[in-house]
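Peer 1: Sequence:
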Amino acid sequence: MTKLSMRKSRLRALKKRARKSMTCRNEILKQKKVNEPDGKYGPNATTPDLAAVDFEIMKSAFLQRLECSTEQIQEIEAATRLQGEDDGSWSAVRRDRITASWAGTIAKRRTKIVTPLVQKLLYAPSKVTKAMIYGHTFEPVAAKKFEESTRFKVERCGFFVHYEHGFIGASPDYLVIMPCGKRALLEI
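The sequence shown begins at 1 in the UniProt record's numbering and counts up one residue at a time.
Bear in mind the hints are in silico, worked out from the structure with no lab data behind them. Any given hint could be a false lead.
Claimed, not checked - Straight-line Cα separation of at most 20 Å, DMTMM-like style, residue types lysine to aspartate or glutamate; simulated pairs:
#, residue 1, residue 2
1, Lys144, Glu164
2, Lys120, Glu155
3, Lys59, Glu85
4, Lys127, Glu164
5, Lys144, Asp96
6, Lys153, Glu139
7, Lys145, Asp173
8, Lys59, Asp49
9, Lys153, Glu77
10, Lys145, Glu155
11, Lys130, Glu85
12, Lys59, Glu164
13, Lys120, Asp96
14, Lys120, Asp49
15, Lys130, Glu187
As the list claims (entries may be wrong) - Pairwise CB distance ranges (calculated):
#, residue 1, residue 2, range
16, Ile113, Ser9, 54 to 60 Å
17, Lys59, Lys144, 43 to 49 Å
18, Met6, Ile113, 26 to 32 Å
19, His136, His162, 34 to 40 Å
20, Arg65, Gly135, 53 to 59 Å
21, Leu117, Glu147, 36 to 42 Å
22, Ala184, Gln74, 17 to 23 Å
All residues carry an ideal CB built from backbone N, CA and C; glycine is no exception.
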């Protein structure tokens, strides 16, 4: 055998071994997964740590605590106008309510698996990103530019609690007061 034919033979053997290992790997990947309960469904589902009656009582009390009168809503909005810069009242009022930050996630959630979402809502630390810091720093500048270019009055605003559903709230950046007296929101 010549060196060339030995090299070709070795190359053919390597290619054959590579094809065989790929075939084995593909067979492993093609294997069907067994559909078994994953701890969130069926008999292995996480069991609640409260009786249904106790849960309903606590849920009602919690939701009742979040309800606000018109006067309280106005007081909360006025007290939280500094948003993250205040004494913590903005964070405290916002903590137990659904806001735009979570509304999309909640609306798109899988109906059967809620445990991970609830854990995120209740226990996840709040994140502060570079973009958030930048936005917070330049928000007043952008609001001023908007005010100058539109000639609409722009005012800081606080946290708004929904008048019918106290568990829903919003904290827009600014309110825009138009010459006709109508109000709009300004998000920067």
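Peer 1: Hint by hint, say whether it matches the structure.
Peer 2: Tested hints:
1. Lys144 to Glu164: violated, 33 Å
2. Lys120 to Glu155: violated, 33 Å
3. Lys59 to Glu85: Violated: lysine 59 and glutamate 85 sit about 31 Å apart, past 20 Å.
4. Lys127 to Glu164: Violated, at roughly 30 Å.
5. Lys144 to Asp96: violated, 32 Å
6. Lys153 to Glu139: holds, 15 Å
7. Lys145 to Asp173: OK: lysine 145 and aspartate 173 at ~14 Å, within 20 Å.
8. Lys59 to Asp49: holds, 14 Å
9. Lys153 to Glu77: holds, 18 Å
10. Lys145 to Glu155: holds, 13 Å
11. Lys130 to Glu85: holds, 17 Å
12. Lys59 to Glu164: holds, 17 Å
13. Lys120 to Asp96: Between lysine 120 and aspartate 96 the Cα gap is close to 13 Å, so the pair holds against 20 Å.
14. Lys120 to Asp49: The given pair, whose Cα atoms are some 19 Å apart, holds under the 20 Å limit.
15. Lys130 to Glu187: Holds: lysine 130 and glutamate 187 sit about 18 Å apart, inside 20 Å.
16. Ile113 to Ser9: 54 to 60 Å: holds, 56 Å
17. Lys59 to Lys144: 43 to 49 Å: holds, 44 Å
18. Met6 to Ile113: 26 to 32 Å: violated, 59 Å
19. His136 to His162: 34 to 40 Å: The hint (34 to 40 Å, Cβ to Cβ) is violated, given that histidine 136 and histidine 162 are roughly 25 Å apart.
20. Arg65 to Gly135: 53 to 59 Å: 32 Å Cβ-Cβ, so the 53 to 59 Å window is violated.
21. Leu117 to Glu147: 36 to 42 Å: holds, 39 Å
22. Ala184 to Gln74: 17 to 23 Å: holds, 18 Å
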